[in-house]
Amino acid sequence: MATTTTKPETLFGKKIRRREDPRLLTGTATYLDDIKMPGMHHACVVRSPHAAARIKSLNVKPALARPGVTAVFTGADVKDLGPIPCGASLPGLRTPHHHILAQDRVYLVGHPVAVVVATDRYIAADAVDLIEVDYEVLPAVSDPEKALAPGAPAVHPQWPDNTAFTFHQEGGDITGAFAQADVVVKQRITSQRLIPTSMETRGVVADWHAGDKSLTLWSSTQIPHLLRTLLAGILGMPENHLRVITPEVGGGFGSKLNVYAEEALMAFVSMRIGKPVKWVESRRENFLCTIHGRGHVDYFELAARRDGTMLGLRLKLIQDLGAYHQLLTPAIPTLSVLMMPGLYKFKNISADIVGVFTNCTPTDAYRGAGRPEATHGIERMVDILAAELKMDPAELRRKNFVGKDEFPFQTATGLAYDSGNYVLPLDTALAEIDYPALRREQQQARASGKLMGIGLSTYGEICAIGPSPATPAGGWESATVKIEPSGKITVLTGASPHGQGEETTFAQIVADELGVDIDDVVVIHGDTAIVQYGIGTFGSRGTAIGGTALYYALQELKGKVKKFGAMLLECDDVALAGGKCVDERSGKSVPFAQVAAASYRAMKLPPNTQPGLVATYFWEPPNFTFPFGAHVVITDVDRETGQVSIRRYVAVDDCGKIINPLIVAGQVHGGVAQGLGQALWEQAVYDENGQLLSGELTDYALPRAHMMPWIESSHTETPSPVNPLGVKGVGEAGTIGCSPAVVNSVVDALSHLGVRHIDMPLTPEKVWKLIQGARA
Amino acid sequence: MKRTIALSINGKSHADEVEPRLLLIHYLREMASLTGPHIACETSTCGACTVMLDGKAVKSCTMFAVQADGRKILTIEGLATNGKLDPLQEAFWNEHGLQCGFCTPGMILTAKQLLNDNPNPTDEEIRKSIEGNLCRCTGYQHIVNAVKAAAAKAGA
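Going down the list, the protein sequences come from chains A and B.
Start counting the first sequence at 1; every next residue gets the next number (the working numbering).
Start counting the second sequence at 1001; every next residue gets the next number (the working numbering).
If you are wondering where the hints come from, they were derived from the structure by calculation, not from laboratory data.
Since the structure is predicted, the reported quantities are computational estimates derived from the model, not experimental observations.
Wrong hints could be hidden among the right ones.
[As the list claims (entries may be wrong)] Taking lysine to aspartate or glutamate pairs in the EDC-like style, the calculated list, with each CA pair at most 20 Å apart, reads:
1) A/LYS15 x B/GLU1090
2) B/LYS1002 x A/ASP120
3) B/LYS1084 x A/ASP120
4) A/LYS345 x A/ASP434
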């Protein structure tokens, strides 16, 4: 990294323990539910127990009679507000009007019908049970393929085919590719619905100030500024009368990259009762009312030559959208299409997406957002092709990888991969496990009746989302950096970290660039009244885009510091080192505190220079970044129970340059845990009436400590040319790389029994049945 | 209807009138004004609300406040002594055993009980002991490292 400081040791690449941790370790951080205000009321939402029903009548009187209940609001009260916005635009997209409370009909279990406001959260919860709603239950549909069948119940009566959109994308010559093929392998592959499950649920506090007609709204969100803009639209309020504050956020994983009914509803309630009001989502509500992820049924066809050269890939993608579009719902499967070719150089693709309404919770961005589904597909298909051609799956991958000299590489889906060396992590991982020895061990294991598998996934991902033309709301990020009059440094970032550790990573960047002590830097985020407009944290963009905006703001600031420094030292140019401006010819120096004080005191100014030391930069990235890697998983499968155990998990990830290895390792581990959750345990299960059966943490198999294998994580570092830091992003890598490696490993363990594919999650029951089927 | 309870929280005496149905977690958060114990499931599956009751880690969402009458409670706020972090807090910090931090207070107190009972646990024992505490961020690996580091420091 270019730097003009002469500070002997830089922090880039160092394991710096996090600066956000002391408040989190001592229980003194302020999460949403920790906010208390004088006169604060509590709200509870009355929700539909049915997936499809007409509201025949609604009686709120018994609830209003309960002492302590201040107000009850229903759909009629809020019918003119809204709708809840969908930011995705696709040709011909059907978007149902998404009211913040149900009007005359409910479309999913958990659909908000009314809100009860009381002086105490126990009273509000009691009063929910006093609201009388008479429903006429209607037929519902929860399976996307069944929803497409003729005669299926219509989720929205105006669209009886349940089709929200169809989308076609093609690149190269797909017909020619299939005509030339010696082999075509086909497989139906599902990526089941998942529930993101951040440990902190959502929550909102709204505080209306009648005097100046302004509203302060605290929300556990990943996008404070976008939320403010969109909420102003929903409420019909001038945006500059609305302040959104993000307190400490207990995880998001994409589920808080949204605008939700309750955010608008609490604003409305506070305006109506003239008091602050708090709503905190219960876990049951979190499972029903916060977005879900995945929900794909994919039909893949891969064409290849006999020698293993892959020629083209066809995909029919059925996306379970749920009952409504949340912020990005319809856009997520289009990301899958972009990522379809994986790391391979074939240039012919064709994809058809059908977006399907079901009477279920909307799907939207959950860690990886469309990319895990695509990677799972291509990496499974490569293994299926390898089995068909009786080729080694590692060899088949090497044969088809984009070569390290072919970057930037134009894909058939219209992307330009920035940089890569795809063989390197694969070979590193295979050497780590001694692949040839393991294959020999596998032969012996099979001879003795044991089931052992070796699974590979060589994944690529799209990070640093993203250039503005590729996003619905702008894909840049902003940073302001200030040297305060006392010489201390404050950073305001438009990113909105919620566990990613950017208060530390960004402080490392500042310390290196200015040559100051990291303890002199404070990073502030998540308050629209303090921080310049920003986009937020999602899509592995925080450091790659927000960090780069900071880098460029620092370059501007350094120029200004040098001007003041040179003025004070009465020389032409100064260097920045150790928190000082240094005249390298005379050796004289002046500390930042003195430079800063002089810049604000402004008794004298350098030519054409404003007082103060502040710089703001909005950075528009010229491209996405494209991290990659190889995950190798060795599994043992119990023949009698179908239980899968992971003997070794080796992850070699390349996320470009690494600023803080401790934080990157944490991101990989957590990502793998969520990928493993999908591969082995987690699934949102609906019954045919649209009831969510896995509707609580008691019924949804989240990975626990004793279920997780030791993750052997290492890295190769291929810098990204897209930004000056060389970073690519790492938030989603573990999740994207994981699931195909696990499934490939288990299929490999069972392949000699004739098993070719297993859909996730690989429950013991499912695996046991396959083993039994092979015996029969 | 209300009952008076008297208890010790982080070494300080508290006496309050509470409804018999008030959960201990709500008492600690709403009446004793603590922010360390968190609510994340209400079904005792996640452990975010874990506190120590007479030296044993308990899930405070599954107890009534009245059941804590006359007893001693330690929450994460009371773990550091004279501003010096407990070795477990220090180890979680050094080993990056937390990301969003929401599960952390409960996780540390559960680990505290483990180290009280078993000062030198194996990886397997650490994983078993914290299986009642969910973390969605870390994949648990750095948490295991942190507990091991704290145990090693105490044994040194």
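Hints and how they fare:
Of the pairs offered as hints, the one joining A/LYS15 and B/GLU1090 holds, with about 15 Å between alpha carbons and a cut-off of 20 Å not exceeded. Proximity of B/LYS1002 to A/ASP120 is assessed by CA-CA distance (about 16 Å); at most 20 Å being required, the pair is judged to hold. Among the hinted pairs, B/LYS1084 with A/ASP120 is inconsistent with the structure: their alpha-carbon atoms are about 37 Å apart, more than 20 Å. For the hint linking A/LYS345 to A/ASP434, the alpha-carbon distance of about 27 Å lies beyond 20 Å, and the restraint is violated.
Going through the hint list in order, the structure does not satisfy hints 3 and 4.
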